[in-house]
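*Asks:* If you use my numbering, the sequence shown corresponds to residues 12 to 139, in order.
Don't read these hints as lab results, they were simulated from the structure. Bear in mind the structure is a predicted one, so any value in this text is a computation, not a measurement. Idealized CB from N, CA, C, for every residue including glycine.
Distance ranges between label pairs, derived from CB positions: (1) L124 <-> T23: 40 to 46 angstroms; (2) H52 <-> G25: 30 to 36 angstroms; (3) P87 <-> P54: 39 to 45 angstroms.
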Amino acid sequence: MATTPGVWAAITGGALDNKLNHHWFLFFGLVWSSLLLAVLHGPGWLSGLFSWAPMRLVGAVSFSAYLWHMPVLASPLARWFGTSVFSAWAVLAALMLVAMASFLVFERPWRELRLPAAAPAAARRQVG
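I would like the entire structure built from these sequences, with the hints used as guidance.
*Replies:* Here it is in structure tokens:
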């Protein structure tokens, strides 16, 4: 989360450089790829951190967080908190609440849905 330009600007108290959002895709892709490889093949403490229950919850709702992060960041709530470190944590908490609600209402019910299995070809020939 700290490598997200808006979060980093809020943590450090600096200005948000919008060029980071559109011109640094390769850099951020390499950083995240390196992190994934380090979690899979790195030290035990790192994989232990990411197998911790709160981090697994973040992983479960991460797609919803991705979908909702811009509306939450652009909300009056985010502007009301300002640019302090507290505000970054408050907006992150709000984002996680919205992401969790979205996950429970939209994602979770649909991922349990399965199409009925097709009948074997021999059974279809006998019926027709």
